[in-house]
Amino acid sequence: MNKRNLLTLALATAAIAACATSPVDPRPAYSESDLRQMDAVHRRDFHPRGIAKMDRFDLDRVQRACNQYKDNPPEDLAKALQAEQIGAIKFPQGELLGDWKKGQKIAQSGRGMTWSDKPGSANGGSCYNCHQLSPEEASYGTLGPSLKGFGKLRGNTSEIQKYTYGKIYNSKAYSVCSPMPRMGYSGTLTEEQIKDVVAYLLDPASPVNR
Amino acid sequence: MHAYRCSALVVVAAALTIATGPAFAQDEKREIEKYQKMIAEGSPVELFELEGEGLWKKKQGPKNASLEQCDLGLGAGVVKGAFVNLPRYFKDTDRVEDLESRLLTCMMTLQGRSREEATKRTFGNADKPSEMEYLVAFVAGESRGSPIAISTAHPKESAAYELGRKLFFYRSGAWDFSCASCHGEEGKRIRMQELPVLSLPAGARPAYSTWPAYRVSNSQMKSMQWRLNDCYRQMRFPEPGFASDATIALTMFLGVTANDEPYRGPGTKR
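So the protein sequences, as listed, match chains Y and D. For the first sequence, the tail end lands on 210 under my numbering, and the numbers increase by one without skipping. For the second sequence, the tail end lands on 270 under my numbering, and the numbers increase by one without skipping.
Hints were generated in silico from the structure; no laboratory data involved. Check each hint, because a few of them may be wrong.
Only pairs whose alpha carbons sit at most 27 Å apart, straight line, appear in this in silico DSSO-like list of lysine-lysine [to be verified]:
id, chain 1, residue 1, chain 2, residue 2
1, Y, LYS118, Y, LYS53
2, D, LYS188, Y, LYS70
3, Y, LYS118, D, LYS57
4, Y, LYS118, D, LYS120
5, Y, LYS105, D, LYS188
6, D, LYS128, Y, LYS152
On a predicted model such as this, the values are computed, not experimentally measured, just so you know.
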């Protein structure tokens with residue numbers, strides 16, 4: 001290695017070392033006044049369109065805490081909020097396994113909840129936008145973990161069914177600042193639809209588990 | 001701002017040592033690059049630029065005037081190199097304006113058009129194109145090759161940058177999303193679409209330097225205002241106002257994060 005290469009290497013190493021200790025994350029921890037500013041700016045500069053009304057800017061306690069603490073609220077608060085969110089899940093009576101074939105369609109569909117979606121039309125779960133599910137589907141996102149073989153790995157007990165239903169209904173009940181939308185809590189998917197997606201994930205006959 | 005300068009250093013450092021780095025997903029990357037090159041070669045971007053230039057020079061509105069005397073920040077009528085300094089603070093409106101809001105200002109002041117009339121069709125489709133999007137293609141194209149150099153020296157500019165940063169990370173809406181939900185982590189994708197981390201230079205530079213862009217999927221030139229609008233739609237938010245302060249602030253945040261990157265647009269996207 002000649003002198004010049006040594007020098008660039010030294011500079012590069014120094015640059016990395018200098019940065020290792022300084023914050024690189026530009027995400028703010030929102031103060032009370034930041035939250036008020038965000039609320040005011042969104043209400044001033046955005047307008048309702050179609051089904052997307054202005055009440056979508058009403059932060060609930062979970063959204064508030066996740067903004068304040070950069071998705072990592074203090075343990076006590078996180079526990080209290082998770083308990084609240086668990087309590088907000090409406091578990092249906094009886095069977096939680098629906099029809100995996102219907103579940104597959106719901107997992108594929110990215111429709112629903114945008115201002116261009118017609119009121120009353122069936123929503124999808126947008127599952128494939130972020131997760132791998134069936135190995136037969138090549139077009140899947142990677143924002144969430146792969147769920148390939150979800151049921152094969154976990155079995156199909158009533159506890160697993162309940163967890164799966166709850167996680168889809170309200171992801172924040174299990175991880176308070178989960179990046180995943182609360183599909184039941186937000187009114188995106190119906191009880192029937194969530195059961196179908198549960199079947200898509202857990203039914204041994206579903207392509208997810210084959 | 002310290003964090004960004006710092007991460008720029010890391011990028012340089014990484015570039016210097018890249019030869020010894022692991023070859024990750026090289027094949028897949030090469031295939032995508034090949035596709036991007038292919039669609040860029042067949043891209044009709046220049047036709048949109050020409051059409052935009054025609055509209056820039058066309059006399060219209062109650063004052064029967066063209067936009068040729070529009071001051072995009074470098075003086076009345078100077079188009080060359082103006083785009084890479086936008087958004088910027090304008091004294092006459094006492095506001096930070098991006099390209100679209102500045103064009104709107106000129107349509108109102110020079111041509112005497114009402115805001116309502118000038119914003120009737122801000123986003124076009126293949127059947128009915130938008131005047132705004134043609135104009136954006138022309139003005140941006142006149143900065144090709146110039147490094148992006150957006151200032152935060154004026155207090156209103158630094159305020160817009162700070163507001164944009166806060167808007168970018170703010171979680172809200174029906175699905176608890178922020179911009180960072182999709183653009184916050186390295187190496188992620190929605191379906192097959194790769195997602196750049198727009199809050200850091202490594203992601204912001206290639207993305208910002210290729211907007212506005214021709215979109216093959218809807219055969220249209222699309223502005224940055226449209227890009228932000230459609231992101232918010234998919235975030236399940238209400239709709240942002242066209243050229244509103246919020247959208248300008250977000251553009252400011254993305255643009256400043258992309259500073260120093262040579263402008264290569266208008267780009268061509270899938």
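Practice task
Compare the structure with the hints numbered earlier in the document and write down the numbers of the violated ones, lowest to highest.
Solution key: When the structure is compared with the hints, numbers 3, 6 turn out to be violated.
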